[in-house]
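With chain A held as given, fit chains B and C onto it using these hints.
As you go down the protein sequences, you meet chains A, B and C in turn. Each residue of the first sequence is one higher than the one before, counting from 1107 in the working numbering. Each residue of the second sequence is one higher than the one before, counting from 9 in the working numbering. Each residue of the third sequence is one higher than the one before, counting from 14 in the working numbering.
Note that these hints are calculated values from the structure, not bench results. Small disclaimer: the values here were computed from a predicted structure and weren't measured. Honestly, I wouldn't trust all of these hints.
[Unchecked claim] With a straight-line Cα cutoff of 20 Å, these simulated SDA-like cross-link-like pairs (lysine to any residue) come out: (1) 1209/A to 327/B; (2) 1339/A to 59/C; (3) 1339/A to 101/C; (4) 1538/A to 1322/A; (5) 1322/A to 1277/A; (6) 297/B to 83/C; (7) 1198/A to 276/B; (8) 1209/A to 81/C; (9) 1198/A to 300/B; (10) 1209/A to 62/B; (11) 1209/A to 83/C; (12) 1339/A to 104/C; (13) 1312/A to 1458/A; (14) 297/B to 1562/A; (15) 62/B to 123/B; (16) 297/B to 50/C; (17) 1209/A to 184/B; (18) 1209/A to 278/B; (19) 1198/A to 283/B; (20) 1209/A to 21/C; (21) 1209/A to 82/C; (22) 1209/A to 71/C; (23) 1294/A to 1314/A; (24) 1339/A to 62/C; (25) 297/B to 102/C; (26) 1209/A to 282/B; (27) 297/B to 82/C; (28) 1538/A to 278/B; (29) 297/B to 104/C; (30) 1380/A to 282/B.
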Amino acid sequence: MSAIDLAIVGAGPAGLAAAATAAELGLSVTVFDENTAPGGQIYRGIEAVAGPRARDLAVLGPAYAAGKAVVERFRASKAGYSPATTVWLVQKDRRLGILRDGKASMVEARRVLIATGALERPVPIPGWTLPGVMLAGAAQSLLKASGMVPAGPVVLAGNGPLLWQLAAQFVAAGVNIAALLETGSAYKAALPHLPAVVLAGGYLAKGLGLIASVRKAGVPIRRSVEGLRAVGKGRLQAVEFTAGGRAERIPAELLCLHQGVVANAQLGMAIPLKHEWVEAQRCWRPVLDAWGNSDVEGIAVAGDGAGIGGADAAVHAGRIAGFEAARALGRIDAAARDARAAGDVAAWRRHLRARPFLDALYPPARALRVPADDVMVCRCEEVTAGQVREAVRQGGTGPNQVKSFTRTGMGPCQGRMCGLTISEIIADALGKPVAAVGTYRIRPPIKPLTVGELAALE
Amino acid sequence: MSDAEYIVVGGGLVGSAIGYGLLRRGRRVVVLDEGDVALRASRGNFGLVWVQGKGLGMPAYADWARLSADVWPEFYTELTQRTGIDVNYRKPGGFQLCMGEADLAERVKSIDQLRAQQGAKGYDCEVVDRRRLDNIVPGLGPDIVAGMYCPHDGHVSPLRLLKALHKALGNAYRPNGAATAIRAVAGGYSVDAGGITHAAPRVVLAAGLGNLPMCAMLGFKLPVRPQRGQILVTERLPAFLDYPLSGVRQTEEGSVMMGSSREEVGYDNGTTPETMRSIAANGIRVFPKLQHARVVRAWGALRILAPDEFPIYQTVPGHDGVMVATCHSGVSLAGAHALRFAGHLADWRLPEHFSAFHSRRFDVPKTA
Amino acid sequence: MFRRLHEPANAVTIQIDGSPVRAAPGDSVAAALLATGNPVCRQSPASGADRAPFCMIGACFECLMEIDGVPNRQACLVPVREGMQVRRQARPTPVGAVASPADKVAS
Chain A
1107 MSAIDLAIVG AGPAGLAAAA TAAELGLSVT VFDENTAPGG QIYRGIEAVA
1157 GPRARDLAVL GPAYAAGKAV VERFRASKAG YSPATTVWLV QKDRRLGILR
1207 DGKASMVEAR RVLIATGALE RPVPIPGWTL PGVMLAGAAQ SLLKASGMVP
1257 AGPVVLAGNG PLLWQLAAQF VAAGVNIAAL LETGSAYKAA LPHLPAVVLA
1307 GGYLAKGLGL IASVRKAGVP IRRSVEGLRA VGKGRLQAVE FTAGGRAERI
1357 PAELLCLHQG VVANAQLGMA IPLKHEWVEA QRCWRPVLDA WGNSDVEGIA
1407 VAGDGAGIGG ADAAVHAGRI AGFEAARALG RIDAAARDAR AAGDVAAWRR
1457 HLRARPFLDA LYPPARALRV PADDVMVCRC EEVTAGQVRE AVRQGGTGPN
1507 QVKSFTRTGM GPCQGRMCGL TISEIIADAL GKPVAAVGTY RIRPPIKPLT
1557 VGELAALE
Chain B
9 MSDAEYIVVG GGLVGSAIGY GLLRRGRRVV VLDEGDVALR ASRGNFGLVW
59 VQGKGLGMPA YADWARLSAD VWPEFYTELT QRTGIDVNYR KPGGFQLCMG
109 EADLAERVKS IDQLRAQQGA KGYDCEVVDR RRLDNIVPGL GPDIVAGMYC
159 PHDGHVSPLR LLKALHKALG NAYRPNGAAT AIRAVAGGYS VDAGGITHAA
209 PRVVLAAGLG NLPMCAMLGF KLPVRPQRGQ ILVTERLPAF LDYPLSGVRQ
259 TEEGSVMMGS SREEVGYDNG TTPETMRSIA ANGIRVFPKL QHARVVRAWG
309 ALRILAPDEF PIYQTVPGHD GVMVATCHSG VSLAGAHALR FAGHLADWRL
359 PEHFSAFHSR RFDVPKTA
Chain C
14 MFRRLHEPAN AVTIQIDGSP VRAAPGDSVA AALLATGNPV CRQSPASGAD
64 RAPFCMIGAC FECLMEIDGV PNRQACLVPV REGMQVRRQA RPTPVGAVAS
114 PADKVAS
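Next comes chain A alone, as it looks inside the complex (with noise of 0.2 Å):
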């Protein structure tokens, strides 16, 4: 088997534009994706959208509009694609384990771009395993990809910008938005910011065109929102809480919750590549170079997995480590990377600069991060906070010890969906900084695989 030059895990922004970059430059390409069709999670059904299902962008609105160009420029290229794709293992010497059509198989790589996006959040509140409580990021999901909005009354929670955008979207495609219900923005943190922001262009104005719309939409929104509840017999029915020293109660069929997007750190933690604990955002991130380069030799992550930028920066942090690629594999000399980035570079800083208020404006709440004692905060294997908690006292050091004793993250989402609640909670009990407390060892497969497909692996 021989190595292609360049293996990319995930087909979001970051993934292609680094795929097309790669590929113009000469080298040899796949882009290993899960999904069946390219865009990631924020350009997801594009390409239908762009095509039979153009009504949809109406809805959608412009910022999504904006992935069309990029899968353009991916499918113009010579680079290879394998939607539908798991990639279950990375190995340091850039080996990966893939699953296709139930066939499992290794495949090698000169260099492996980790670029698998953001993850939500999560929003670990009472009764938020009952169905009809979803993050806020799938019902649009579901928008983007099927043109489906709820049916009934819906009540959105949290914050962050994603929350007023689908809210929008909502609002355009006439949906029975109950409330919206704020869980706290942080204005006066966020002033400092405020000439970065604007020096970012179109953040601010677009941010305030969603909000502005869905206030002009007679929205009901409550601010300050407090002791969020999900509650129901089996099924959602209603949505507690306490805004202005008020306690209300609005009955929904449906609950988008969301707080804002992390890097999705997964697989480069299984390899692992050396992560750090970044403050601002409250979420691990791959330590990397100028380049995206991580600590290990020919393995480079780009886009919101190196840390949450957004969909413009990921596309120049895509194109950057698609230079920087061609560079490592001797297609160009550094003088030439650095001419032929130069663009990119400045244009990616340049994004980044509207981070700092949007991670400022929009915090995510303390009874979020860290959870009373009855709530349940692996789902998976249902174990509360309480639970963490006690674990903690009777000498439970740090996630790794905790999960062994609670089964916090043995599930099959591995704490994809508690991790960064259970380092949150463990580094509260302890009075540590969540730095210093760590996070779940990450194992593979990093996606389950059947004993049977594993057993046939090639």
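Then chains B and C, alone, in the frame of chain A:
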């Protein structure tokens, strides 16, 4: 400084069981442990409380493994009562499955040798042929010709066991500080761990591979090495397997563990796709229906092995106040460590037959 | 729980627990499920509580369903196909202890 009578270095299953055994005898103990990230064979093992096949070539070990299985029920009851944590110990007996006639013949021969070695004490292990086996363990693959059944074998949740022992230790358990130094001081020994210096008349080194540097500081070269084993675990499956098998067991949660490789790779406790594949293939040979189950996790852990793979229990030469306890069967031997070995430590005198476990056994030149 | 902005062209039909469900080509099985009145995809293995798709991007593993006879597939990642047989998953039977192991072996 603390007023401990014993410092146990190592808070894994070996050190915790010994510490617990001393504590229940009213001794003042501190058990020193590392933090969240450590080699921790206690977190990576298979959970068997196993007797069959152990101790060929060392009768004292065959006896010790059996004794531990004999006292495990008492240990289990006591630990559950003291901590309220059910560690799910079950002793239905276990099977070593035989793949093919040659494998069966070899197992039979090995058990016959053990039986001869153990003499009047006897050796409870019988061949269960495939026809009988099908009634007891349904769903086996065509390559399985028979199983060796030993009624003393069992299994337990090793993670709950560690949790229960730590709970039982209470304040005696001192995590977050790897022991970094040991030295003789007036009236005993001092051990530095996590910025604190502990001192006591007696020290028990039960830190697995961590015993190597501690012994070296006392001028003793402990003859053990790491050996990696990789394990796969599936998602939770409906109950189908009541008995622990040598390479497959279903946990109380329903997930199925498959193991385990033996690899000489130093301190690398990672996983490899090749070994994961061979463990998966073996799992399907045992239970073909496992092919549809999903593997959710794989890990590597390091066994602590002496050249003959038997335990080492002895004082450090020249340091009568420092006892070494090193073995790779921390789960199987937990009962014996807590209820018997700790008693020997309370007297600070190992019985005569423990001389078999002394590392001087490796000094004897092989006869020509 | 969800409705379509537009009726799908070239709709396919899948079976969920034996009942026909219309879906658009390109829909995931989870999307098709959510377009019905009942979003429940399985019972949790830990407690048996009903669960529904939660993240729709392959991360949370809530949407595990039996698809064409293969259990525990991530329904949000599997595209619908005409005639596909989908089943909601019940909680696996919990593991019990052997009552009298020796008798069983002695038989």
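Results of checking the hints against the structure:
Between the alpha carbons of residue 1209/A and residue 327/B the distance comes to roughly 59 Å, so the proposed pair goes past 20 Å and is violated. Using a Cα cut-off of 20 Å, the hinted pair residue 1339/A and residue 59/C holds, with the two alpha carbons roughly 18 Å apart. For a cut-off of 20 Å, the pair hint linking residue 1339/A to residue 101/C stands: about 19 Å separates their Cα positions. The hinted pair formed by residue 1538/A and residue 1322/A fails the criterion: a straight-line CA distance of about 45 Å is larger than 20 Å.
For a cut-off of 20 Å, the pair hint linking residue 1322/A to residue 1277/A stands: about 10 Å separates their Cα positions. A hinted pair counts as satisfied when its Cα atoms are at most 20 Å apart, and residue 297/B with residue 83/C qualifies at roughly 12 Å. Proposed proximity of residue 1198/A and residue 276/B is supported: the alpha carbons are some 13 Å apart, at most 20 Å. The hinted pair formed by residue 1209/A and residue 81/C meets the criterion: a straight-line CA distance of about 17 Å does not exceed 20 Å.
Between residue 1198/A and residue 300/B, the direct Cα distance comes to roughly 29 Å. Violation of the 20 Å bound is thereby established for this hinted pair. About 40 Å separates the Cα atoms of residue 1209/A and residue 62/B, which puts this hinted pair outside 20 Å; it is violated. Proximity of residue 1209/A to residue 83/C is assessed by CA-CA distance (about 14 Å); at most 20 Å being required, the pair is judged to hold. With a C-alpha separation of about 18 Å, the suggested pair residue 1339/A and residue 104/C falls inside the 20 Å cut-off, and the hint holds.
Pair hint residue 1312/A plus residue 1458/A holds up; C-alpha atoms about 16 Å apart against a cutoff of 20 Å. A threshold of 20 Å between alpha carbons decides the hint, and for residue 297/B with residue 1562/A the separation of about 15 Å falls inside it, so the pair holds. With a CA separation close to 11 Å, the supplied pair residue 62/B and residue 123/B stays within the 20 Å bound. At roughly 34 Å between alpha-carbon atoms, residue 297/B and residue 50/C are farther apart than 20 Å, so this suggested pair is violated.
Distance restraint check for residue 1209/A and residue 184/B: the Cα-Cα separation of roughly 44 Å exceeds the 20 Å cut-off, and the hinted pair is therefore not satisfied. Among the hinted pairs, residue 1209/A with residue 278/B is inconsistent with the structure: their alpha-carbon atoms are about 24 Å apart, more than 20 Å. Restraint check for residue 1198/A and residue 283/B: the C-alpha separation of about 16 Å stays at or below 20 Å, so the hint holds. Only pairs whose Cα atoms come within 20 Å are accepted, and residue 1209/A paired with residue 21/C is rejected, the gap being roughly 32 Å.
The hinted pair formed by residue 1209/A and residue 82/C meets the criterion: a straight-line CA distance of about 17 Å does not exceed 20 Å. The straight-line distance between the Cα atoms of residue 1209/A and residue 71/C is roughly 19 Å, inside the 20 Å bound, and the hint therefore holds. With a C-alpha separation of about 16 Å, the suggested pair residue 1294/A and residue 1314/A falls inside the 20 Å cut-off, and the hint holds. At most 20 Å may separate the alpha-carbon atoms for a hinted pair to count; residue 1339/A and residue 62/C meet this at roughly 11 Å.
Note on residue 297/B and residue 102/C: the hinted pairing holds, with a Cα-Cα distance of about 18 Å set against a maximum of 20 Å. A distance of roughly 15 Å separates the Cα atoms of residue 1209/A and residue 282/B; the hinted pair therefore holds under the 20 Å criterion. Using a Cα cut-off of 20 Å, the hinted pair residue 297/B and residue 82/C holds, with the two alpha carbons roughly 13 Å apart. Of the pairs offered as hints, the one joining residue 1538/A and residue 278/B is violated, with about 28 Å between alpha carbons and a cut-off of 20 Å exceeded.
Among the hinted pairs, residue 297/B with residue 104/C is consistent with the structure: their alpha-carbon atoms are about 18 Å apart, no more than 20 Å. A threshold of 20 Å between alpha carbons decides the hint, and for residue 1380/A with residue 282/B the separation of about 25 Å lies outside it, so the pair is violated.
Consistency with the previously given hints fails for numbers 1, 4, 9, 10, 16, 17, 18, 20, 28, 30, ordered from lowest to highest.
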